[in-house]
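Chains Y and D are the protein sequences, given in the same order. If you count by numbering that gives the first Met the number 0, then the first sequence holds residues 0 to 364, one letter each, in order. If you count by numbering that gives the first Met the number 0, then the second sequence holds residues 0 to 387, one letter each, in order.
By construction, these hints were calculated from the structure, which means they are not laboratory data. Take these hints with a grain of salt, some might be off.
[Stated by the list, open to error] Here are the simulated BS3-like cross-link-like pairs (lysine-lysine), alpha carbons at most 25 Å apart as the crow flies:
1) LYS210(D) to LYS359(Y)
2) LYS199(D) to LYS364(D)
3) LYS358(Y) to LYS210(D)
4) LYS351(Y) to LYS199(D)
5) LYS11(D) to LYS375(D)
[As the list claims (entries may be wrong)] Partial selection, computed: residues in chain D whose CB lies under 7 Å from chain Y:
6) ARG126
7) ILE335
8) TYR338
C-beta: ideal position from N, C-alpha, C; glycine also.
The lines below spell out each chain.
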Amino acid sequence: MFDTKVFWNSFILSILVLLFVYVLVDTLVFRKRSKRTDKQNKLINGLIGLWISILFGLLVDLISLYGVVQTIADKILAFSVLSLATTGIVLIFKTSITTNFAQGIVATFGVFFAANVVTRFSNSGLTGLQLALIGMAAGAVVSFLMGLFIDVAIIRKSKYITSVGKQMITMGLVLVISGLIPVIYGIPTLSVPRLSYGDAIQIPFQGTFVSITPHALYAFVIAIVLLALLFSALRFTKWGLGVRATASNETVAGMMGVNTRLITALSWAIAGALGGVAAYLIAEGGSLSVGMMTATQVNGFMAGILGGFSGFLGPIVGSFLIPVLSALFFYVSFLWSNALVYGIILLIILAKPLGLFGKKIAKKV
Amino acid sequence: MDPRTLLATRRKNQWRSITNHPYFGFILIGALLLSVQLLQNIGVDIPTSIMRAFGLTMIYIIIGLGFAILLGYAGLASLGTAGFVGIGTYALGYLTNQSGLSIGLIVVLSILGAVVIGAIVGFISLRIEGMYLAIITLGLSEILNEIFKNAVPITNGTNGLEMQQLVLFGKYMTISKETVFTALAVILVIMILFTYNIIKSPTGRAMLAMKNSESAAQAMGVSVLCYRLLAFMIATVFALIGGILYMAYINFTIPTTWSLAFSLNLLAAVIVGGSRSIWGIVMGSFMIFGLDLAVFQRIVLTPDRNEAIARFIAQFPEHTENMTRFFNSLQGLLPIATYIFNGVLIILVVMFYPGGLYQLFLTIKQKVVQGIKKIKHDWMVKRYGQDA
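Could you put together the complete structure from these sequences and hints?
Dropping the structure here:
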C-alpha cells in the first residue's frame with residue numbers, strides 16, 4: 000500500500016548524516032574533551048530535535064498529513080492515559096528516588112472497586128456521564144488510599160532501605176495485589192462504563208474529516224485538567240515547594256523544617272490517584288483484567304526515560320511520542336512498530352543518557 | 000602417644016579438612032540432586048512433575064548465578080535477563096532443527112554471541128546508570144520479545160518452537176530427560192564452582208569495590224569500563240547457557256515464557272535468597288521457583304480428584320454441595336496463593352532482612368550455636384559446680 004522503501008532509505012540516511020555532522024562539528028570545532036561541554040550538549044539537542052522533525056516529515060510524506068493527524072486523533076486516549084500514569088511514576092521518582100512498579104496494579108485495584116461502585120449505583124437514575132465520573136472518583140480515592148498505605152505502612156517501616164530495595168518492594172506489591180484482586184472482587188467479569196457512548200465527533204480537515212471518539216475527548220480534557228491542577232499545585236502551594244525541596248535533597252529539606260514524611264506519603268497517594276483515573280480511562284468500557292495496566296506501566300517507564308525523570312514536562316512529551324510514533328510506524332511495518340519505537344528510544348538515550356529534557360544532577364563523591 | 004589415637008586424630012582432621020573445603024558444600028548439593036535421579040532409576044516412584052521442578056530449578060539457579068554477579072557484585076540492575084535466556088533457547092532450537100550443528104558447537108557459538116551481546120549492553124551501561132539501566136534493559140528485553148514473536152521463519156512465532164532431537168557427535172539423537180537431568184546437575188556444580196572462583200578472585204573484589212563506590216574504585220585503579228563489560232558478559236553467558244539447557248530439557252520454547260514476569264521472578268529469587276552468596280541464590284531459587292513448581296502447582300483440592308477431601312466431605316452429608324463448591328473455588332485460588340506468598344516473602348525480606356534468606360539462616364545458626372554453648376555451660380555448672 001505504502002512505498003516504504005523510500006522511507007527506510009531516508010530514515011537510515013538521516014541518522015547517518017546527522018551522526019556525520021555531529022562527528023564533524025565535534026572534532027573540527029569543539030575538539031575532543033573528556034567531559035561534555037555545554038556547547039556539545041546544545042549541538043546534540045539541536046540535532047535530535049532536527050532528527051525528530053525529519054522523522055515526522057518522512058512519516059507525513061509516507062502517510063499523508065491527513066493520515067498523521069487522524070493517527071494522532073486516534074491516540075489521544077492513549078496519550079492522556081500514559082501522561083497521567085507517567086506523571087505518577089515521575090512524582091514518586093522525585094520524592095522517593097525509586098521506580099514504582101506497583102503504580103499500574105494499584106490503579107487496577109482502584110478500577111475494580113470503581114466497577115463495583117458503578118454496578119451499585121446503576122439503577123439510581125443518574126446519567127451515564129455522572130455515573131462514570133462517580134465511578135472514576137471512587138477508583139481514584141481507593142488508589143489514593145492504597146498509595147498512602149504503601150508508603151506509610153511498608154516503605155516507611157523498612158529498615159536499611161535503598162532505592163533498589165524500594166523497587167523490589169514495589170515488585171513484591173505487584174505480585175501481592177494481583178493475587179488479592181481475584182480474592183477480593185471474585186472471578187466474574189466486571190466492566191466500567193465509558194464516559195460517553197456518543198458517535199465519533201467529525202472535525203473538518205483539508206476537505207475530509209478527522210474523527211475522535213467522545214470518550215477520548217473527555218479523557219483528554221480530564222487529563223489536561225488534572226495535570227494542570229497538579230502542576231499549579233507543584234508550582235504555587237507549600238506542598239509543591241516541599242516536593243521540590245525533597246526532590247533536590249531530602250536530608251537538608253528535613254533540616255529546614257519540611258515534613259518530608261508527609262510530602263512523600265502525599266506523593267505516593269496522589270500518584271496512586273492519577274493511576275486510578277488512568278486505569279478507568281483505559282478500560283474504555285471493556286471488561287477488566289488484572290494485567291490491563293502492564294503495557295501502560297512499561298510504556299510509562301519508557302516515556303519517563305525518554306523525556307527525562309528530572310522534570311515533569313519531559314515525560315509528558317515522551318508519553319505523547321511513544322503511542323503516536325508506534326501507531327505511525329504501524330504503517331511502515333505493522334509487525335515491528337513497537338520494536339522500532341523502543342529501538343529509537345534506545346538510540347536517543349545513548350545520545351542523551353538523561354532523556355530529552357533531562358538535567359544532570361551534580362553528585363558529591 | 001599411642002599410635003592408634005594418633006591415627007584416629009589424623010583421620011578426623013583429614014575428614015574435617017574435606018568438609019571444611021569450600022567446594023564440599025557445592026559438590027554435595029550436586030550429589031544430592033544426582034541421587035534424586037538415581038533414586039528414580041532404581042525404582043523409587045518420584046512423580047515426573049517433581050523431577051521437572053528440580054530440573055527447572057537447577058536451570059534457574061544457573062541463570063540466577065550470572066544475575067547475582069551482575070546485581071550483587073557489580074551493582075548493575077538489569078531486567079533484560081529473560082530476553083537473553085530466550086535467545087539461548089531459540090539458538091539451540093533453530094540451529095539444531097535447521098543446520099544440524101552439534102550441541103557443543105552451538106554452546107561455543109552461543110558463548111561467543113553472548114560475549115558480543117554482553118559487551119554491547121555493557122557499553123550502554125557505561126552511559127546509563129542505576130534505575131535507568133533497569134528500564135533500558137527492560138526495553139531491550141521487550142524488543143527481543145517482539146523479535147521472538149515476529150521473526151516467524153526462525154522462531155515459529157507465537158506458536159513456539161519445538162525441538163525433538165539433539166545433535167551429538169554429528170548424529171541426530173533423542174536424549175532422555177533422565178540423561179539431561181544428570182548433565183544439568185553436573186553443569187550446575189561446574190557453574191557454581193566457576194562463580195565461586197570469580198567472586199573470590201581479584202575480579203570479584205574489584206566488582207564489589209565498583210558497586211560500593213565507583214569513584215573510590217577508580218581511584219584505586221579499578222577500570223570501570225573493563226569490569227562492567229565483564230560483569231555483563233558473564234551474566235549474558237550464564238543466561239544463554241541457561242537458555243540452551245532449558246531447550247535441551249523442555250524441548251519447547253514460546254515467547255510468552257520470556258516476558259517481564261520471568262525477569263522479575265529471577266530478581267525476586269536472587270533478592271529473597273541474598274544476592275551476595277551462592278547459597279543464597281540456591282535457596283532463593285528453590286523458594287521462588289521450586290516451591291511453586293513442586294508444591295503449589297501440584298496441590299489438588301477438588302473433591303473429584305482428591306480422595307481425602309472427598310472422604311472428608313462425605314462426613315457431612317447435609318453440606319456436600321456447599322463444601323464441594325468451597326473446595327473447587329479454593330482450587331481456583333491456588334495459583335493466586337503462589338503470587339501472594341512470593342510477594343509477601345519479597346516484601347518481608349527487603350523490609351527486615353536485606354541480606355536475604357542466607358542471612359536469616361546464618362542468624363539462626365548463630366543463635367543455635369550460642370544456645371548449645373549455653374546449655375553445655377549450664378550442664379557443666381550443674382555437674383562440677385560454679386567456677387570460683
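Checklist entry - Any hints this thing doesn't respect? Which numbers, in order? => result 4
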